[in-house]
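A.B. asks: If you follow the hints, you should be able to join the two separate chains into one complex; please do so.
Quick note, the sequences are listed as chains P and U, same order. Mapping of the first sequence onto our numbering: residues -19 to 115, in sequence order. Mapping of the second sequence onto our numbering: residues 13 to 174, in sequence order.
One thing to keep in mind: the hints can contain errors.
Only pairs whose alpha carbons sit at most 25 Å apart, straight line, appear in this in silico DSS-like list of lysine-lysine [unchecked claim]:
(1) Lys24/P to Lys99/U
(2) Lys(-15)/P to Lys17/U
(3) Lys19/U to Lys80/P
(4) Lys(-15)/P to Lys99/U
(5) Lys86/P to Lys19/U
(6) Lys(-15)/P to Lys86/P
(7) Lys17/U to Lys68/U
(8) Lys(-15)/P to Lys80/P
(9) Lys(-15)/P to Lys19/U
(10) Lys68/U to Lys19/U
(11) Lys103/U to Lys24/P
No lab work stands behind these hints: they were computed from the structure.
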Amino acid sequence: MKFAKEPYLTVNLILAGIIVLVMIYSAIFSPDTNNYPVVCIHEKLTGEPCVSCGLSHSFSLILRGRLDEAYNWNIYGMRVFLFFFLQLFMRIVFSVVYLKYSDIRKQLIIMDIMGSIILFLISFRQFFVYLLHYS
Amino acid sequence: MEDIKNKTRQNLGIAALITAIVTFVLAVIPCIGLIAIIPGIIAIVLASVGLSHAAKDDSPRGVLIAGLIIAIVASLISFSQVFIAGKIVDKADKWQETIEGIVNDVQDEVLQDLEDTNVSIKIQNGDEKIEISAGANKKEKVEELEELEGENTSIADTLEQN
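Next up, chain U with everything else stripped away, as it sits in the complex (with noise of 0.2 Å):
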């Protein structure tokens, strides 16, 4: 009789041990992480089974409180994808207004960059040829503006962007 008790006892911290590791596998892989806590739950009420049984005859219960322990961890792994999933969600929802940024910036960025450029545009009709130069660059216009006006003008004219 007390060795049907102790080869039951044995059988169930040999089952809780074996379902906490599988289930400390399966909560760190995100893809099934979530549903790691049935085997979890198994896991624990394994154990907890186990170490009560262990402690009415004073028993060995190395391998039970292992297996508990690793079941605790790994279904608390395994809880907390719920948050992660929450989170990324979150996050997903101001991925938008994140993307809307980077595309400002980059306009800006080539505004910017078109702003300094020297454009110069040259037509050619047989012997007649046109070239116009034109440079954006905001500073030179300033200077050039500052040179037609001359020293002693009252004018105070500012190129402003619009």
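Isolated chain P, as found in the complex (with noise of 0.2 Å):
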């Protein structure tokens, strides 16, 4: 089994793994219903809403093709989630890439760790003006 000796595999497919479960919670849970589990800390703590508040129902809704309303429970939601999608999308493919061309194997490593970096800055790019605008 090449993923059990490939520590790279192994974290891609965990990764991927995680990413489908953020989906398959978005999918489950309904902005209609309001059933959501998890509840902004923040919002309970200071009494005011934070930036990433309505991230869970615009991910709801973007899933269910409402964009319009998905971006009114939060402007920055249709980021986050492509930031998610295309993880899942990089993950699926460098692990194909990585078993196929076994030569450029720490070039790829590197090229994934640099991508996903720049991907998170720029998705989560507003999360880190907030959070150093007040601390």
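C.D. replies: Structure follows, in structure tokens:
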């Protein structure tokens, strides 16, 4: 079993599984019934909504194709959703390339790390700005 | 036996790295950032245990170090949210004063505008028509008063706002 021998493939497989779980969570819980188990701890503590409030609703609405409503719930919802979606895509593609081309594995891992960091910073930029603003 | 040890160490490294990455993503989301401290600590423990095992037999530890660094940074971000929440609460307490200040400023501006306006009232009853014009302009009133007093007047009246 190649996955057991290669840590990179194992990491990719588990991360892809986590992203799929996020998608399933967004699909199961509906914004119409508002039955989300995760509440904003930040809002509970401060009494003020934060920059990431409405992200679960936004994800659920994006999965249901209601993009305008998703944008209203959280303006950064689409960006963060795209990050997870692209990561899922990247985990699959990079794993296939890793298995197929054994001579470029090191370069592939470096490219994956750099790409993921850049994508993460772009997608979560506003959250960083928010955290830096109050810290 | 050695194979089992290596496999356990590798699994520890993978577990630490994945937990650290998940912690990092959770830590920067303000809604759930505070609870990210729990997986952060788990990742640090996993990486530390893996590193201590790796140090004994001098085996590769790149994944473990990466996991440890990411976990520490993520935990720090998560922990910093306690202070951020505190600062927001402090700011929320000051919002009442800020809003009062804004209301007072608007009130002053409105009064200033009213002071400079000219009011004209027209009353018409059949053929009778009365028109009252009152210029509230302070400058005009001062000029009017000075004109009435004349040039050689000893009275030095001023128009002061109450």
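A.B. asks: All the hints need checking, so say for each whether the structure fits it.
C.D. replies: Each hint, compared with the structure:
no.	hint	in the structure
1	Lys24/P to Lys99/U	holds, 14 Å
2	Lys(-15)/P to Lys17/U	holds, 14 Å
3	Lys19/U to Lys80/P	holds, 24 Å
4	Lys(-15)/P to Lys99/U	violated, 48 Å
5	Lys86/P to Lys19/U	holds, 21 Å
6	Lys(-15)/P to Lys86/P	holds, 16 Å
7	Lys17/U to Lys68/U	holds, 12 Å
8	Lys(-15)/P to Lys80/P	holds, 15 Å
9	Lys(-15)/P to Lys19/U	holds, 9 Å
10	Lys68/U to Lys19/U	holds, 15 Å
11	Lys103/U to Lys24/P	holds, 16 Å
In summary, the one numbered hint that this structure violates is 4.
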